[in-house]
Amino acid sequence: VVGKKYDLPILSPVDAKGLFTEEGGIFAGQFYLDANKAVIEELARGGHLMFHASVQHQFPHCWRCKKPVFFRATEQWFASIDGFRQAALDAIRTVRWIPGWGEERIYNMVANRGDWCISRQRSWGVPIPIFYCQDCGQYLINDETIAHLQELFREHGADVWFAREAGDLLPLGTKCDHCGGDKFTKETDTMDVWFDSGTSHMGVLDEPTVWPELSRPADLYLEGSDQHRGWFNSSLSTSVAVTGEAPYKAVLTHGFLVDEKGRKMSKSLGNVVDPAKVIKQLGADILRLWVSSADYRGDLAASPNIMKQMTEAYRKIRNTCRFLVGNIYDYNPAADAVNYDQLLEIDRWALSRLQKLVQKVVKAYKDYEFHVVYHAVHAFCTIDMSALYLDIIKDRLYTMPAASLERRAAQTVLYEVLHALVRLLAPILAFTSEEIWRYVPGEQKPVSVQLTSMPQVIDEYIDEELEQKWERLLAVRSEVTKALEEARREKVIGNSLEAAVELYAAQDLYDFLQPSAGELATIFIVSQASLKTLDETPSGVKNIEAMPDLAVLVKPAAGKKCERCWMYHENVGEDRAHPTICPRCAGVVK
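Read in order, the letters of the sequence shown are residues 56 to 645 in the working numbering.
The set of hints was computed from the structure by calculation and includes no laboratory data.
It is possible that some hints are incorrect.
[As the list claims (entries may be wrong)] Okay, derived cross-link-like pairs now, EDC-like style, lysine to aspartate or glutamate, Cα gap no bigger than 16 Å in a straight line:
no.: 1; residue 1: LYS587; residue 2: GLU574
no.: 2; residue 1: LYS241; residue 2: GLU220
no.: 3; residue 1: LYS616; residue 2: GLU629
no.: 4; residue 1: LYS241; residue 2: ASP223
Using the sequences and the hints, build the whole thing.
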């Protein structure tokens, strides 16, 4: 390019073997590297050498053999994009680019790129369908030769180009348009692989007899961030040149695979994570969960330690689902479902949280933000469900009469959560979701979870006021849990059901907690709980540092332990027929 700018002659004094040609004068026949010393000596002899020293600098090397690359000026085939450059730039603006910075990156590349060199000096590849007259050297390519080659390729495949001589690849009677000669040779260069892959949209989207359900443009192209210069670019160019439009509606770019220290994976470093081994050892769903957990817009880290972390995360999600499945074993959604207005307040809170999850996850899927899906589902399973709701409702599930309103209400929510959760997980934990789906109650359900649709948000279940109330309640619960842990460390109690909790609250907090006073023991998972004003706080009991309007006293629960519900009651054995259980449990087992 610089030489053309200053009208310098185009020289190519080195042949394909690296030897100087006659154009190299006195160096003809010498290997170009071996001639370095002679060239320097000749320059010095003629007084043309200004300075001579070794310098360290960056230089391109072959990715395969690691040897320095030598650039030669040789004849090549080029495709000009000037005729459709503006159309390509316009098409870029119609595409959704994920992440957004990809749009300007490819726009600038197309705006500034030169002619596309489509020929490569490789022994095998997609052939360039051009012939040369042996008499005059003129090239030959026209509609007839292309049509004839198409028929040969359809019948014998592209390898027919390499298997036959030029005369056997041309229509009978073909003559040179320039001199009338009938002897030809075929082009030995092959097509640039980006031209090959860049036309894949034509082989997929324009083949209605093979894929009648597909049409252009494709919904999504996805590849590494280096493909703005490669596949995304070549696909855009070939599609715009032929159809005037981009071949895709959206393009998603992801980072590259690195180890947990951010290093590129290589066999020499010994840090390669073999996906086949991960699948064999941990299962395909662990690998799928890892892919979804990472923000693909940057590089993705993988290592045995990271896979171990994914296994733990997977186990928490799976255990949540297992609890849900195990506790609706006797639930029939058609006959046992409890109406929303009959659900307990904590049940309605759980459904509201579920709708928020569905809302967030479905949007994340549409935005291709799979890491948001992973983190949202994981947090819902571990915090909203396992650490809160499921813990609180265990007493209802295990001790209430099987068909009681309270137990069926809890089961109704468990079913709704499971039915939504398994569908939200299906695109990522494909195998686990299929396993879970077999145990989801319902006679009319599809045979596979993959045949269902994503859950829809039920707006009526979203209750912001209720969530705000429970956010405050759960903040109190968190402080009570800390007090219980302290009492456990001091050997005041064993597990939480051995405890009685006394709350001393400032007036505003007292008024807030008073309507829920009867449910506090259930919420805290203790045997007894009482609520008093802050000015009744016994001496020695300190206010909570993080919640100054609250003081908590934990002491052993009064009474005896019920052998059925494990809660402590002062009236255990009141029913003489059941001397080891509380009256509530006695009423259930009668």
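Going through the hints against the structure:
Only pairs whose Cα atoms come within 16 Å are accepted, and LYS587 paired with GLU574 is accepted, the gap being roughly 15 Å. With a C-alpha separation of about 8 Å, the suggested pairing of LYS241 with GLU220 holds against the 16 Å cut-off. A C-alpha spacing of about 13 Å is found between LYS616 and GLU629, which places the hinted pair at or below 16 Å, so the restraint holds. Of the supplied pair hints, the one linking LYS241 and ASP223 holds, its CA atoms being roughly 11 Å apart against a limit of 16 Å.
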